[in-house]
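Let chain S serve as the given structure and place chain C on it in line with the hints.
Residue-level listing of the chains:
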Amino acid sequence: MRKDFTAISASSALIAFTAGIVLCMQVSTIASASSTASEIPGPVLWVVEIALFGTAVFAWRPRASFLGWILGIIALAMVKTALVSGAALVLSVMHETTNMAPALHQTAAFLPRVCAVAFALMVCYPTRVWLPLRETEPRKHKGGRAGRARGMSEEDEKGLIIVTVTSRAPGQDEAPGAEVKIHDPLGVWSSTPMIEGELEMPLSAVLALLPENLVTDRALALADSETMTVPFHAILPQLKEAQVVFSVAELRTFVPLTVRKLLVQPADSDIETENGLVSLPLALIVPQLPSEALQLPAPSLPAWAKVDVEEHVVFATV
Amino acid sequence: MASINYALKEISCKIVYYGPGMCGKTTNLQHIHQHTAADKRGNMVSLATPGERTLFFDFLPLEASQVHGFRTKFQLYTVPGQVMYNSTRKLVLRGVDGVIFVCDSQWEKTRENVESFRNLADNLGSYGHSLETTPYVVQYNKRDLPNIAPVHYLRYLINPRQVPDSEAVALRGDGVFETLNTICTLVLAQMSQRQKAGVA
Numbered sequence: 001m002r003k004d005f006t007a008i009s010a011s012s013a014l015i016a017f018t019a020g021i022v023l024c025m026q027v028s029t030i031a032s033a034s035s036t037a038s039e040i041p042g043p044v045l046w047v048v049e050i051a052l053f054g055t056a057v058f059a060w061r062p063r064a065s066f067l068g069w070i071l072g073i074i075a076l077a078m079v080k081t082a083l084v085s086g087a088a089l090v091l092s093v094m095h096e097t098t099n100m101a102p103a104l105h106q107t108a109a110f111l112p113r114v115c116a117v118a119f120a121l122m123v124c125y126p127t128r129v130w131l132p133l134r135e136t137e138p139r140k141h142k143g144g145r146a147g148r149a150r151g152m153s154e155e156d157e158k159g160l161i162i163v164t165v166t167s168r169a170p171g172q173d174e175a176p177g178a179e180v181k182i183h184d185p186l187g188v189w190s191s192t193p194m195i196e197g198e199l200e201m202p203l204s205a206v207l208a209l210l211p212e213n214l215v216t217d218r219a220l221a222l223a224d225s226e227t228m229t230v231p232f233h234a235i236l237p238q239l240k241e242a243q244v245v246f247s248v249a250e251l252r253t254f255v256p257l258t259v260r261k262l263l264v265q266p267a268d269s270d271i272e273t274e275n276g277l278v279s280l281p282l283a284l285i286v287p288q289l290p291s292e293a294l295q296l297p298a299p300s301l302p303a304w305a306k307v308d309v310e311e312h313v314v315f316a317t318v
Numbered sequence: 001m002a003s004i005n006y007a008l009k010e011i012s013c014k015i016v017y018y019g020p021g022m023c024g025k026t027t028n029l030q031h032i033h034q035h036t037a038a039d040k041r042g043n044m045v046s047l048a049t050p051g052e053r054t055l056f057f058d059f060l061p062l063e064a065s066q067v068h069g070f071r072t073k074f075q076l077y078t079v080p081g082q083v084m085y086n087s088t089r090k091l092v093l094r095g096v097d098g099v100i101f102v103c104d105s106q107w108e109k110t111r112e113n114v115e116s117f118r119n120l121a122d123n124l125g126s127y128g129h130s131l132e133t134t135p136y137v138v139q140y141n142k143r144d145l146p147n148i149a150p151v152h153y154l155r156y157l158i159n160p161r162q163v164p165d166s167e168a169v170a171l172r173g174d175g176v177f178e179t180l181n182t183i184c185t186l187v188l189a190q191m192s193q194r195q196k197a198g199v200a
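So the sequences go chain by chain: S and C. In this text, residue positions in the first sequence follow the numbering used here: the first is 1, and each later residue adds one. In this text, residue positions in the second sequence follow the numbering used here: the first is 1, and each later residue adds one.
Any given hint could turn out to be false.
To be verified - Chain C regions said to be covered by chain S (calculated; three or more residues, Cβ under 8 Å):
1) 7-19
2) 24-37
3) 110-121
4) 129-141
5) 154-167
6) 179-188
Simulated from the structure, these hints should not be mistaken for laboratory data. Glycine included, each C-beta is placed from N, C-alpha and C at the ideal position.
One chain only, chain C, in its complex shape:
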């Protein structure tokens, strides 16, 4: 859950990168880590197997521009995509403010994308949240590969509600910051709206 520290004039939000195994969640985070100013980010913590598979989660604290005079801090997390780590995924989702769902665009991964997206909905449900109340954006990653499904089919599968989505090549950094900016903006806007309504 986002926290607002009025004394320090600071807003802190939690963003989670979600998606099937090997879809590029950690690559997104690595690119962000490598391309943000050193004084605006903390160390990236990554618990991975020797095969570079995320074992627990990746974590990157990040500071963005000021909004309404408040410093905005984002804690970026990734979940382990492998099916067997659902308990960890659920744990990482606790208190989430926004989700970036990373799709693997390859044909053979379409089914895994769908299953992972449903898993996201189920895991949010276990905390009493839903995709109706939690801001999320969809990133169609690996668009540079030859064996990819067209975006309109991926959108049909994952994003029929047509929430903000974008194509990306996380390895090159294409679309990485665009996706992050979008979700952060949506999270802050929702927070602002709730503040006005007196919810938060």
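So here's chain S without its partners, still in its complex pose:
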């Protein structure tokens, strides 16, 4: 089960489902007693409901794929139908009749349907994490000032896609730090040295990099006196990329427990936020590294650099 779909999520969905059936049944009883509700044709209601479901899925999961979006709508429609049918079943049982048709007609009226739609949204909200997402584009050259300019052709971007942050490598589940594919145009690197130890970073500098909605005032107040330790093995493989990047969820594991508790908890945080990448400042990292961490490979000069220089070029300077 996904770590972001917790037992709390499951129980809240179940409670919402039960409450939905009960309320739908009650509302249908009241609506049929008053009989003042205007009858809206069923197809119109369905169209409105589908539109509403589609909007809701898009709002919950903007990066959902088309399939995910359709699945979300179908799931919402099924839950809503289940709520209406469940309410009808309970009504039939209460009236001790085996024919559910009158009860279904009663619960499929306008007001009970509105109630069912609202509760279907509540039931399905925690399950939004299951919706498949669009394929993430590889990280590209951010280009500093230039950024990804408008009108940039595919040809222009060719050769700049260099880092792909993927899931962790097998067997490294316990080692925090996004796996970074090392691009080695010179072909000189064989492996990254394994060095034991960890470095300390001022926590205030790290919290400043986290999304604002995660950092509470109490955490900030503590941050000035606290440091965060990051093991070398999580940093060293990333150094060749000139960036040290962690997801917010991974960074939490490095934050001291006292401060971690004061941050907005993962259960209350958006999954997109938790997966968001944070780049730690190299200026705080590199000076702390032992010299062997930045050891160069054995010199392997190209042939053109090994030439015997007989005469140096001299420019007439003024």
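Then chain C, alone, in the frame of chain S:
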């Protein structure tokens, strides 16, 4: 590609300054232009935006000392560093004989340096060349700024092969001619070696 005119006893080579945006490529060229004898250089052509960003390329023809009795002429080019001008960078690299890769030493530019260097390797590859066959030197520029990465880290990122490299402050002219002399010497030496081997 370098050309040798035996009738005129003249060698002509193309040197390209490569690097991320705002790293100081044009500044290098401007310093060279300002500090070379007027009769040994042509006009500097610079196509820039109003914000002094190179739009297409900068060009400076330059004449150096005689080598083996041949007059040596160098055509110095810079590429636009901005990511969106990759087609132009590729175009400028056509027929290149040597590259000066200018690194911006500031911490926040380290990533851009790496990306630009890889872009250089990719663009050379599109012409069937590589950093294995094309002479290049690395210049760590802006060493006068306070927020700079140490040279050993920049070397780790950009120059693990330890080809000739040097520190520079192009704005003051520190290291500018040293870098140019090094690449020109390497280019001519490679050309001489190829001549001996009968390649060129």
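Which hints, by number, does the structure contradict?
-> Number 1 - this is the single hint that the structure violates.
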